[in-house]
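Sequence order for the protein chains is B and U.
Throughout the first sequence, residue numbering follows numbering that gives the first Met the number 0, covering 0 to 79 in sequence.
Throughout the second sequence, residue numbering follows numbering that gives the first Met the number 0, covering 0 to 399 in sequence.
No lab work stands behind these hints: they were computed from the structure.
Warning: the hint list may mix true and false statements.
No farther apart than 25 Å at their CA atoms in a straight line, the calculated lysine-lysine pairs in the DSS-like style are these [said to hold, decoys possible]: (1) Lys58/B to Lys397/U; (2) Lys29/U to Lys57/U; (3) Lys29/U to Lys58/B.
Distance ranges between label pairs, derived from CB positions [stated by the list, open to error]: (4) Val50/B to Thr204/U: 49 to 55 Å; (5) Thr19/U to His35/B: 56 to 62 Å; (6) Lys125/U to Asp54/B: 17 to 23 Å; (7) Gln77/B to Ser326/U: 22 to 28 Å; (8) Asp24/B to Ser391/U: 22 to 28 Å; (9) Asn159/U to Asp49/B: 56 to 62 Å.
It should be emphasised that the depicted structure is a prediction, and the values quoted were computed from it without experimental measurement.
Glycine is no exception: its CB is placed at the ideal position from the N, C-alpha and C atoms.
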Amino acid sequence: MISEIRQILKEHGRLASDATTLADDADLYQAGMTSHASVNVMLALEGHFDVEFPDSMLKRGVFSSIATIREALETLTQGR
Amino acid sequence: MTIATPSTQVASKSATAAPTRVDAVRRIAKEIARPNAADVDHKARFPVETIQALKEQKLMSALVPSDLGGAALGFGEVATICEVLATGCASAAMVFAMHQIQIACIARHGRSAPGLCQYLREVVEKQYVVASVTSEVGVGGEMRNSVAAVSREGGRYAVNKDATTISYCEHADDLLLTARRAPEAPPNDQVLVLLKKGDYRVEKTGNWDTLGMRGTCSPSFKVFAQGPEDHVLPAPFADIASHTMVPVSHVLWASVWLGIASSAVSTARAFVRQQARAKPGTVPPTAVRLAEVSSLLQTMRTNVHDVVSEAEDLMTHGGSDALSSISFALKMNNLKVAASQLVVQVVNQTLLICGIMGYKNDSPFALGRHLRDAHSAALMVGNDRILATNASLLLVLKDD
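Isolated chain B (complex conformation) (with noise of 0.2 Å):
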């Protein structure tokens, strides 16, 4: 899961650095990315893994690094 993550970031999240080699707790927002970044990002990893992100999950937190990312992915694809 993570390196499809890394993927999705490498591909919308407009990173000043490498989202490949990026530590899995670095925070994106200081790494560049936008909020309307995070926005193309969230989808893309709405359409990949066929989920829905709540509202309750659109937070700043939770898209803060690659770790809370998948924190919230294994939340939304529990029980599958």
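Given the coordinates of chain B, work out where chain U should sit on it, guided by the hints.
Just chain U now, with coordinates in the frame of chain B:
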């Protein structure tokens, strides 16, 4: 027959209640702001008398918490003050609104820094005026990007910025500036820095000769600053912007625009009454237009007041999750777009009512200043930019 009072003042809610802060502001709006508004507009000069009167009422520290000596007013009351002031002079009201936005940011996000708490105490005592330096050459009007960066060494910060507009810069004591967190930080990793008088100098690089809002005196400047490191606000600007700066700006700006609209409608009402008095027994044809614009004004007022009270409630009791939510951002952006369009529609309609008497600058029913001031609303943070943001937010909002 004594149907007098062709007044344009906003009526006091209760004649018997003890005078409140808002009553004091009504007096300032009527006796100081309005008589000076044409001169402020004509000369594009700072509304110095009105700001002085607000300082005497200790209103520059209206949003400073009570434990630091401030009045700790709610956002709703500050919004009402902006609305009332704008019925007299929109430039003065906008200066007051912009100052309050800066104080709100420091008061809500600087409490953990002793230097900033001390500063808020000084604002109470000295009634400092604080201006905003968020604009910058080279970022295309995007407040959430900076070129300038803060560097830190030995407990001091240093920052230089080439700003496209700094409202009332030459009349402010202190500045609040956005810049990248560090020289190596990406454009959107920003902080907010308090530049105290004596810690900065500015070089004026342009003029302020505009269609409206002329008294806000907002030319372009280069800013050079260095000062103590604890004047850098500890919270990331991303949070300050979404939790405080954007919602407070939209709420207070919309209140100023509502004041412009109310004042224009008052002028149109006085005009129609005058026509009615000239021919008792017939309803002047303009009265139908007045009925129409009165409904439009009510739509605007209801929208502004409703969102102001919801924002006040969330900002007082809601957690950071509520303030970062997409629905809150959408609502605040919708208020800005709607109010900025309605103010122009309302003033346009009042001009149709007053006709040539509204078009003439030296008439008691002149509406030129209202119209020119109103047209700034769609431009200060362009509506297209805000709608584009909302369009992308709506792609992910689920309504659950």
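These are the hints, each one checked on the structure:
1. Lys58/B to Lys397/U: holds (13 Å)
2. Lys29/U to Lys57/U: holds (18 Å)
3. Lys29/U to Lys58/B: violated (45 Å)
4. Val50/B to Thr204/U: 49 to 55 Å: Since Val50/B and Thr204/U have Cβ atoms about 50 Å apart, the given range 49 to 55 Å holds.
5. Thr19/U to His35/B: 56 to 62 Å: Violated, at about 43 Å.
6. Lys125/U to Asp54/B: 17 to 23 Å: violated (44 Å)
7. Gln77/B to Ser326/U: 22 to 28 Å: holds (25 Å)
8. Asp24/B to Ser391/U: 22 to 28 Å: holds (27 Å)
9. Asn159/U to Asp49/B: 56 to 62 Å: violated (49 Å)
In terms of the numbered hints stated before, the structure departs from hints 3, 5, 6, 9, listed from lowest to highest.
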